[in-house]
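S.K.: The primary structure of each chain is shown beneath.
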Amino acid sequence: MPQLALTEAVFYILLSLQKPLHGYGIIQNVGELSNGRVKLAAGTLYGALNSLVEKGWIDALPENPESRKKEYVITKNGQAVLKEELDRLSELVDNGKRILGGN
Amino acid sequence: MRRVIHKLFWVWQLEKEQAWINEMASHGYSLEHAGRLTFEFDETEPDLYVYKTLFLKGWGESVENVKYLKFLEEMGIKVVCYINYPGACWVYTRALKADYPEGIDIYSDIDSQIKGMGVMSGYMIFVMVMTLFAALLNLWIGIGRGFILPLNLICSIVMFVLFTLATIATVKIFVNTGKLKKERKIHE
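Same order as they appear, the protein sequences are chains Y and C. At position 24 of the first sequence the residue is numbered 20 (this note's numbering), and the sequence of numbers has no breaks. At position 47 of the second sequence the residue is numbered 78 (this note's numbering), and the sequence of numbers has no breaks.
Only chain Y is shown next, with the shape it has when bound in the complex:
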């Protein structure tokens, strides 16, 4: 069965976690990546991070005793899912451009 489409929030979270980041860092990074268009809210991010840890797509790193903030990083499984989603999105964009005549 092909993988279901990721939500925009999950896609950007996985993209942000190429390096370890804590929650606030993820929100900032997603904002920067999307030029301020995607604003992740704290509750949405919390739910998404828990689901992604459960699925094994990201890992929760041991808490930094100095900052006391939990950091997360993408796993190999997460990278594979992200790659698959990127292919799916590319197909959408390519077909859209081909039919609508965009570049």
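Rather than coming from a laboratory, the hints here were simulated on the basis of the structure. Any given hint could be a false lead.
Claimed, not checked - Stretch by stretch, here's where chain C covers chain Y in the computed footprint (C-beta under 8 Å, at least three residues):
#	stretch
1	2 to 12
2	19 to 33
Said to hold, decoys possible - In silico EDC-like links for lysine to aspartate or glutamate, alpha-carbon gap of 16 Å or less:
#	chain 1	residue 1	chain 2	residue 2
3	Y	Lys65	C	Glu54
4	C	Lys101	Y	Glu59
5	Y	Lys65	Y	Glu81
These numbers come from a predicted model, not from an experiment. The beta-carbon is built from N, C-alpha and C at its ideal position, and this holds for glycine as well.
Model the placement of chain C on the given structure of chain Y, informed by the hints.
M.R.: Just chain C now, kept in the frame of chain Y:
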């Protein structure tokens, strides 16, 4: 200087209560503590904080809620206080308005909004069942045994009123959830 205001908000008036607390904050009265009927404000500069009230499943001290509230704190959203109810808690949070100029959004996508409403509707159904049970029990004690007990009769009427209000609130939540689910079919 601390100012104490006594005011009643029902469990389904979360948004109304939140709007009132934010209105107070905009006039320089920042919420420092809340009880079931009392709100304590300290005088601060106007618009220093923005407030968000949250309805969570389980008590404030539960492991899951402690983890969640700690996460919010990492985002600059601090817990002012919380009130426990049977099986749920009502949490008052705030953040600096400079950090959240447009107010605190807890959910930014439709799925998590639907999930949040699910928690609320689940609790409201619990309230409906409990108030209906209390209303019928008091009605039976009040008039169902061949003599009239006015106190139980009054309790029964009060419980029926609460049941009706809870039902209206639950229907409103279901209607809003339905709209979101419809929207979810075409948008994230």
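S.K.: Run every hint past the structure and note whether it holds.
M.R.: Structure-based check of all given hints:
As drawn, the stretch 2 to 12 of chain Y meets chain C at 3 residues by the rule of a beta-carbon pair under 8 Å; at three or more, the given contact holds. Coverage of the stretch 19 to 33 of chain Y by chain C holds. Counting CB-CB distances below 8 Å, 3 residues qualify, and the rule asks for three or more. Restraint check for Lys65 of chain Y and Glu54 of chain C: not satisfied, since their Cα atoms lie roughly 32 Å apart, outside the 16 Å limit. Of the pairs offered as hints, the one joining Lys101 of chain C and Glu59 of chain Y holds, with about 13 Å between alpha carbons and a cut-off of 16 Å not exceeded.
The suggested pairing of Lys65 of chain Y with Glu81 of chain Y is violated, with an alpha-carbon distance near 29 Å, which exceeds 16 Å.
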